[in-house]
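Novice: Given the coordinates of chain A, assemble chain B onto it according to the supplied hints.
Protein chains: 2
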Amino acid sequence: MTTLNETHDPALRSWVASANATGTDFPIQNLPFAVFRRKGTPESFRGGVAIGDQILDLAAALGGGIFTGESQIAAQAATQDNLNALMALGPTAWSSLRLALSRALRYGTSAQTALTACLIAQAEAEYALPARIGDYTDFYIGIHHATSVGKLFRPDSPLLPNYKWVPIGYHGRRSSIVVSGTPVRRPTGQTKGSAERPDFGPSQKLDYELELGFLIGQGNAMGEPIAIEDAEANLFGVALFNDWSARDIQPWEYQPLGPFLAKNFASTLAPWVVTMEALAPFRAPLIREAGDPEPLPYLDSPGNRAGGALDIQLEVCLQTARMREVGQDAVRLSSSNAREAAYWTPAQLVAHHTVGGCNLEPGDLLGSGTLSGPAPNQTGSMLELTQGGKQAVALPGGEMRAFLADGDTLTLRGWCEREGARRIGFGECVGTILPALAR
Amino acid sequence: MTTLNETHDPALRSWVASANATGTDFPIQNLPFAVFRRKGTPESFRGGVAIGDQILDLAAALGGGIFTGESQIAAQAATQDNLNALMALGPTAWSSLRLALSRALRYGTSAQTALTACLIAQAEAEYALPARIGDYTDFYIGIHHATSVGKLFRPDSPLLPNYKWVPIGYHGRRSSIVVSGTPVRRPTGQTKGSAERPDFGPSQKLDYELELGFLIGQGNAMGEPIAIEDAEANLFGVALFNDWSARDIQPWEYQPLGPFLAKNFASTLAPWVVTMEALAPFRAPLIREAGDPEPLPYLDSPGNRAGGALDIQLEVCLQTARMREVGQDAVRLSSSNAREAAYWTPAQLVAHHTVGGCNLEPGDLLGSGTLSGPAPNQTGSMLELTQGGKQAVALPGGEMRAFLADGDTLTLRGWCEREGARRIGFGECVGTILPALAR
Numbered sequence: 001m002t003t004l005n006e007t008h009d010p011a012l013r014s015w016v017a018s019a020n021a022t023g024t025d026f027p028i029q030n031l032p033f034a035v036f037r038r039k040g041t042p043e044s045f046r047g048g049v050a051i052g053d054q055i056l057d058l059a060a061a062l063g064g065g066i067f068t069g070e071s072q073i074a075a076q077a078a079t080q081d082n083l084n085a086l087m088a089l090g091p092t093a094w095s096s097l098r099l100a101l102s103r104a105l106r107y108g109t110s111a112q113t114a115l116t117a118c119l120i121a122q123a124e125a126e127y128a129l130p131a132r133i134g135d136y137t138d139f140y141i142g143i144h145h146a147t148s149v150g151k152l153f154r155p156d157s158p159l160l161p162n163y164k165w166v167p168i169g170y171h172g173r174r175s176s177i178v179v180s181g182t183p184v185r186r187p188t189g190q191t192k193g194s195a196e197r198p199d200f201g202p203s204q205k206l207d208y209e210l211e212l213g214f215l216i217g218q219g220n221a222m223g224e225p226i227a228i229e230d231a232e233a234n235l236f237g238v239a240l241f242n243d244w245s246a247r248d249i250q251p252w253e254y255q256p257l258g259p260f261l262a263k264n265f266a267s268t269l270a271p272w273v274v275t276m277e278a279l280a281p282f283r284a285p286l287i288r289e290a291g292d293p294e295p296l297p298y299l300d301s302p303g304n305r306a307g308g309a310l311d312i313q314l315e316v317c318l319q320t321a322r323m324r325e326v327g328q329d330a331v332r333l334s335s336s337n338a339r340e341a342a343y344w345t346p347a348q349l350v351a352h353h354t355v356g357g358c359n360l361e362p363g364d365l366l367g368s369g370t371l372s373g374p375a376p377n378q379t380g381s382m383l384e385l386t387q388g389g390k391q392a393v394a395l396p397g398g399e400m401r402a403f404l405a406d407g408d409t410l411t412l413r414g415w416c417e418r419e420g421a422r423r424i425g426f427g428e429c430v431g432t433i434l435p436a437l438a439r
Numbered sequence: 001m002t003t004l005n006e007t008h009d010p011a012l013r014s015w016v017a018s019a020n021a022t023g024t025d026f027p028i029q030n031l032p033f034a035v036f037r038r039k040g041t042p043e044s045f046r047g048g049v050a051i052g053d054q055i056l057d058l059a060a061a062l063g064g065g066i067f068t069g070e071s072q073i074a075a076q077a078a079t080q081d082n083l084n085a086l087m088a089l090g091p092t093a094w095s096s097l098r099l100a101l102s103r104a105l106r107y108g109t110s111a112q113t114a115l116t117a118c119l120i121a122q123a124e125a126e127y128a129l130p131a132r133i134g135d136y137t138d139f140y141i142g143i144h145h146a147t148s149v150g151k152l153f154r155p156d157s158p159l160l161p162n163y164k165w166v167p168i169g170y171h172g173r174r175s176s177i178v179v180s181g182t183p184v185r186r187p188t189g190q191t192k193g194s195a196e197r198p199d200f201g202p203s204q205k206l207d208y209e210l211e212l213g214f215l216i217g218q219g220n221a222m223g224e225p226i227a228i229e230d231a232e233a234n235l236f237g238v239a240l241f242n243d244w245s246a247r248d249i250q251p252w253e254y255q256p257l258g259p260f261l262a263k264n265f266a267s268t269l270a271p272w273v274v275t276m277e278a279l280a281p282f283r284a285p286l287i288r289e290a291g292d293p294e295p296l297p298y299l300d301s302p303g304n305r306a307g308g309a310l311d312i313q314l315e316v317c318l319q320t321a322r323m324r325e326v327g328q329d330a331v332r333l334s335s336s337n338a339r340e341a342a343y344w345t346p347a348q349l350v351a352h353h354t355v356g357g358c359n360l361e362p363g364d365l366l367g368s369g370t371l372s373g374p375a376p377n378q379t380g381s382m383l384e385l386t387q388g389g390k391q392a393v394a395l396p397g398g399e400m401r402a403f404l405a406d407g408d409t410l411t412l413r414g415w416c417e418r419e420g421a422r423r424i425g426f427g428e429c430v431g432t433i434l435p436a437l438a439r
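Sequence lines, in order, name chains A and B.
Counted from 1, the first sequence has number 375 at position 375 by this note's numbering; the numbering is strictly sequential.
Counted from 1, the second sequence has number 285 at position 285 by this note's numbering; the numbering is strictly sequential.
So here's chain A without its partners, still in its complex pose (with noise of 0.2 Å):
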């Protein structure tokens, strides 16, 4: 785990005044990265960091004198359309960038004067993906959700024999995750129907599944394994992620080989990664119960135990479009605890996908599975929330939903708080459900 340093005292206040205030998601203790440009104009996308409610144009900034030697060329290699430059720099890089980037905003600093000019209100930016994403990877390592879902399927056992043992995983499609904001089509496709013909149509079923999405850094070459010690060094950052499920096309087609059609028609990734180095004051010890079994050694280290684990809150929002139209906030759906849901850490989640052979590539994602928790109010999704569409959930307004409808708008959002640091958050993953596609 990286330790803490002077970029953690939460002590620190900025120039950026907004990022000084109360609540902000982005102090000068967070400072993480995205892919930006103003709305609507031709420019190039590039990278930025984000400062209260300020985005910092790392492009504009390289000619400001706060950057030198290895993090003059970090902040270069974030100045393209995508991140992936960056994150195949590694710790040391990316802890140097971050270190002028925090000297350079903090409150009093004489770059105030060159770096404000290189300042864009977050309220007038657009996004794209952080990074191009080479091969994308969803786990289940939400023990609470793998728990509830299989109860539907399995009272009497819900967890498979694998779960405690193996970091339950497959590949996703890639081509289809879009930034947040995107609008999200309601798809179409087989559903079971009747004993002689399956159905065809548009999903009645459409959920969210509230996620965190890990980004790699360096990776590694085929055939040679990332020893879970060395895990932490390739992950360059964390991202909110929601990766929308047709609940009523994937029970007729996932057997034998896996969700396919009722996954890939589009997961939404939330524009701001947040840093492992950032996350610093956030470790915690993983959680394991009475009779859990001990890892296997591959998944195992002294480190990954005592602070492998992210202490990061999470919640889900709803609006509808009539909620839009008279005027009323999102509702919370629910809300939970990254650390209290995951059986895995993310540094295990590493050397489980490389101990084959398999190689990640700077810019992959690998997607947490849904962050439930135990409780009732905990649910990373529909299908737990109204236990499988049949306890719709009453909306102030008088609204019921079962699954999503069209014109739904879910927003995720995450912060990590504790006594003793600032808190840092992770702004918002957003997806307006469309209705499907006239056939």
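What you were told as hints is all true, and nothing was included just to trick you.
For identical chains, the list gives no copy identity; a pair is met inside one copy or between any two copies.
No farther apart than 20 Å at their CA atoms in a straight line, the calculated lysine to any residue pairs in the SDA-like style are these: (1) K164 <-> E196; (2) K39 <-> E124; (3) K390 <-> W252; (4) K192 <-> N162; (5) K390 <-> P251.
Since the hints were derived computationally from the structure, they do not count as laboratory data.
Specialist: Just chain B now, kept in the frame of chain A:
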């Protein structure tokens, strides 16, 4: 389906003499594409066309005066280190390039003088992947494979109820797809072990899968499905493909979300992509048995019924390290025919993949799944050939194989032949097993 034209005329001969030899994979009627350079040089990889035992270097040929208008644009697009730009141009451009190449390589053409200098012997070439693959999907269209494998688990109902309705597929790993000739390291991983604890070590059941890979042309925008009538126009071509599989890792890890480490350590793609136009003489009606259901409308068209299938002969050959030492030729393990093996056509795979809105991109790879015939000597994997490893096969020289051993070289071959058409081939898809990494 592409109609026959002058490029398919079986009477055509080339001024490249080796292209006229009986049994060549690459007569002038074929003209497949690859990405190559002179072996062991620092030259850029670039597009080439096979003609007999030679490669026509398209970048070098650009100045030869044989291309005009659309064929010039297409040839230019094929000079990069991948064929994605050519694939993105679509069938009219591909066809125009093929016609120009066919005319320029014909016996008696005036282009011979200029183009002779643009030939490089295949024996002196090395290859890169033909495409920068954005996403890789593996299907499961081999109905005899699905039946045989299903029998190992469920003797009474080998085929699942969805098989004849849904073209079953799942997303695979793109980063570990390598070009033919790249050695493949035996993967290490968890296997079932005792009730108390899984085993961990090198796979003892390493296997191949005889597949075809379909390479996507223009593709579709997210949310806009490709109708089956338009599916063929989105297919650039076909290459041999080996989806290496660890049969002992798969059963322990694959529930509930599908194969992961059992497959993602390596897959091997042949360098030569045979275009759909070259395959026009070898299209055939779908095979359906009495009682097979009518496909749902989005998977059905008159053209697909009449000629959606591909009549391609396939074979698998094995040469062990010991056979190499004593100079013994590879032995044929099995042979099959893609049309007899497959329940679904490439057009049905494209229509199904996109029906929910998933976008395909130029250079995406769709694997067919294992193409086994119904007979015991037509199996596309060791799993079937040896009945799950229970009946090891004897090799000439006395060695036995239940699964692949270190040092084994596996070669896939494919070709089309029928009365009234010139035989065309797919080259080879080769891989040799390296021992697992020492730990």
